[in-house]
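Taken in order, these protein sequences are the chains called A and B. For the first sequence, the residue numbers in the numbering used here are 1 to 421. For the second sequence, the residue numbers in the numbering used here are 422 to 795.
If you are wondering where the hints come from, they were derived from the structure by calculation, not from laboratory data. Treat the hints with care, since some could be wrong.
Unchecked claim - Which stretches of chain B does chain A cover? Using the computed rule of at least three CB atoms under 8 Å from a CB of chain A, they are:
#, region
1, 493-503
2, 582-594
To be verified - Pulled a few chain A residues facing chain B out of the computed Cβ check, cut under 10 Å:
#, residue
3, Pro110
4, Ile332
5, Tyr333
6, Val377
To be verified - Here are the simulated lysine-lysine pairs, DSSO-like style, with alpha carbons at most 27 Å apart:
#, chain 1, residue 1, chain 2, residue 2
7, A, Lys350, A, Lys336
8, A, Lys75, A, Lys31
9, A, Lys336, B, Lys611
10, A, Lys165, B, Lys570
11, B, Lys541, A, Lys323
12, B, Lys563, A, Lys165
13, A, Lys165, B, Lys483
14, B, Lys520, A, Lys165
Built from N, CA and C at the ideal position, the CB exists for glycine as well.
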Amino acid sequence: MNSVEKQRVYRRLESTQSVKNSQAMYYFQSKNPYLHDEGKKIAWITSGGPVEFLVAMDIIPLYPEQYGAIAGSAKDSTRLSQVAESHGYSQDICAYARTSFGSILSPESPTPLSEIDGVGGLATPDMLICGNNICGTVLKWYQDLARIYKIPLFIFDTPPLTDDKISSYYIEYLTTQMSEYITFLESEMNKQMDIEILTEVFQNSKHAIELWTKILSLGEAIPAPLNCADRFLLMAPVVSQRGTSETVSLYEEVYQEVQTRVDNSEGAITVPEQYRLLWDNIPIWFNLYDFYNTLAQKGVVFPVDTYTNAWSQNFQESGDLLKDAAVMYSNIYLNKTLQHKIDLVSVLAKKYQCDGILYHSMRSCKRYSLGQPITRVEVTEKTNIPGTLIEGDMNDSRAYSEGQVMTRIDALLELIDTQRN
Amino acid sequence: MLSDIKSEMLSHPLEYYLENYFEALAEFDKQSIPMIGYFTNKTPVELLDAMNLHPLRIFAFKHPKSHQGAYERYIQTFACSWLRGILDNGLVDGYNDLKGIMFSTGTCDSLQNVSDIWQKVFPNQLTYNLTFPIQSNTAASKYLVNEFKQFISVLQDNFGWSSSFNLKESIQKYNLKRKILQNIANFVSKGHLNYASLAKITYVSDLLLVDEFTRLFRDFSAPDGKSSSSQEETPRLLVSGGMWDNWKLFDIPEWDGLVADDLSFGYRNFNYLIPETDSLESYVKSQLARIPEPTAYDENHRLESLGKQIKEHKIDGVVLLTMKFCDPDAFELVPLRKHLESLEIPYLNLETSPDLSNLAQLRTRLSAFSEILQ
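Construct the complete structure from the given sequences, taking the supplied hints into account.
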């Protein structure tokens, strides 16, 4: 760790501390022992779930996937996965799910977030909200959570989109579910949904997403003002605290600082920028800073990635809030076709002037990963930008071999050098 | 058994078509009825039949010319082993005799992604992706009616309008097929027929034109009217799992006590009957009321059904069959185990792949399981 610290070639972003503080407060509040007395409840929700409805109803949303990322960054996810495996969960299933099950099944051992209440893990949920717009795995994961906790589960079903057109009956199916969602929450909270508050929450969401998109767009600058690790940390509020005014304020602060970097031609890394790469997929959480720092030492920076871009999908206002929300929540990167992914990667790689693309092929996220070999070939054909696949996992260090990964990246960098010459 | 059943339409005994699946496709192609290949048991075969198309199940039997691992150009090694085998077969033109390939997604991530990949790799083959809801309520029903209408419209565009379109008649035909299979499954439960025979007949039923199958098996009866005493002493087993499609797994003596299944293309594909009407709404409603697959929402329905089967067939032990790298199978293991523990039913988990690469190990484990139950 010390040697990595000594070789650190990162430029620290001051506003990340504000994000960290905000996240700490968010988790602290979720563990408030008097939460129920204050008329609040806890819902666990998937990262693509319609969170605004929860915020509007005084329900604190918690994200087992985000917890997985925290546990991964704390290098505790592999241990937690092994705990889940010892309880019968297959090593082949999603490592976020295994991390989540492991944290539930090993309350006696410290896990990330234990400093708040000594228990570790996320605060116990009162209800579960599952949107399958990100994958089919979450459905099985949340079914099992419902069985373990014996609490109600609301499923927001978004069948995969098979082309760019969204049919009217598809929207109708989703809009009906939005109404059912409200009824479900009203029943759980024993109070009516205030549509004015819901509208306000959606406006906050919209502003937060707009700001987040603007922050990401600043990555077009050379040198890139943000690297992957910066964005993966900064994305936390747009995932988990979307819909609050605090997140809007937070992103205004981040935007100002990143814009200043651009104005001053200050890059995210302190060495000259040699290679601009696009990152595809979830990061290697258990090796986050070491990985990007090691590459940064070679002048590699990642001005853009598909993962944090997935939260830049905003909603169009037509006057029908539920319908707008339905469209937005179906129009998710992972709910769309392979062709859409190819097109988006091509556009982003060009727009951010990337020299190469790194596809993180993750064995425990099939929805994101399967098809990457085709994406790599087609994107290169379209853009003439080379790419390579590296094998790993977001949370299970047993599926990651640093030597092999770095060898492949070195080969990509050599190819880029050859093309330049 | 199947060799005793002669078909006037086919030039070989039925068993031949299980051993030579790809030759079968070529032979069926000469019947002048366009064949549409399908993957899951959710496929609305009655709609295809009503359009005068031949719905034909896609198996992962290894094509004699396929190069194992050819799929790696398109998908990674951690994709479902079943789909990898199918892609390998496709890459040597194994499914070229099919006029279309139909995916029914909204199910598993691997299948969803492979549906996209298939369109990329085989652009000249009609590939259709019918997306199913995972719920079974009124809104889901309305959605699926529209999906089916859209599907019919695409079939019309590609194959022309079938002037004889008669959904009721197609439902009647498939109901009859299901009744025949239910009857044969009863023979197995009573010990008059081994499970491998039921598996073979079930698989053949998904290959032949439905009329041909019902004509051949309408009067089927088990060869021996009584179960043997040794069978009565053997622990009674039930196999539970997903989209398993290699009947050879069951053709070994270690399965002697196997009397029932809870598999996608076994019991879950023939245990129900559809109301015989022309109403698409009624058709959809009955489809959504079926025992859900591991990928669907209402897990309790599936567990209840399993419990009912265990009681009905007086099951002594359950074998949980999972396919390597199948997420839905893997996820379901834990609740299935818990459920079986609550019922105090012993179970064994067998994980394998369609090519049965670990068959020797499976046989040893099965044998030990049966001994423990005795």
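Against the structure, the hints:
Figure legend: the region 493-503 of chain B, annotated as covered by chain A; annotation consistent (7 residues with Cβ-Cβ distances under 8 Å, at least 3 required). Figure legend: the region 582-594 of chain B, annotated as covered by chain A; annotation inconsistent (0 residues with Cβ-Cβ distances under 8 Å, at least 3 required). For the restraint placing Pro110(A) at the interface with chain B, the shortest Cβ-Cβ distance is roughly 25 Å, beyond the 10 Å limit, so the hint is violated. Proximity of Ile332(A) to chain B is violated relative to the hint, the smallest CB-CB distance being about 13 Å (cut-off 10 Å).
Annotation: Tyr333(A) was flagged as interfacial toward chain B, and the flag is violated, the nearest CB pair being 13 Å apart, outside 10 Å. Taken as an interface hint, Val377(A) checks out: its beta carbon lies about 8 Å from the nearest beta carbon of chain B, inside 10 Å. A threshold of 27 Å between alpha carbons decides the hint, and for Lys350(A) with Lys336(A) the separation of about 21 Å falls inside it, so the pair holds. For the suggested pair Lys75(A) and Lys31(A), the alpha carbons sit about 22 Å apart, so the restraint of at most 27 Å is met.
Taking the CA atoms of Lys336(A) and Lys611(B), the gap is near 49 Å; set against the 27 Å cutoff, the hint is violated. Between Lys165(A) and Lys570(B), the direct Cα distance comes to roughly 17 Å. Compliance with the 27 Å bound is thereby established for this hinted pair. Under the criterion of a C-alpha separation no larger than 27 Å, the hint pairing Lys541(B) with Lys323(A) is inconsistent with the structure, at around 32 Å. The hinted pair formed by Lys563(B) and Lys165(A) meets the criterion: a straight-line CA distance of about 19 Å does not exceed 27 Å.
Taking the CA atoms of Lys165(A) and Lys483(B), the gap is about 37 Å. The hint is violated against a cut of 27 Å. Among the hinted pairs, Lys520(B) with Lys165(A) is consistent with the structure: their alpha-carbon atoms are about 25 Å apart, no more than 27 Å.
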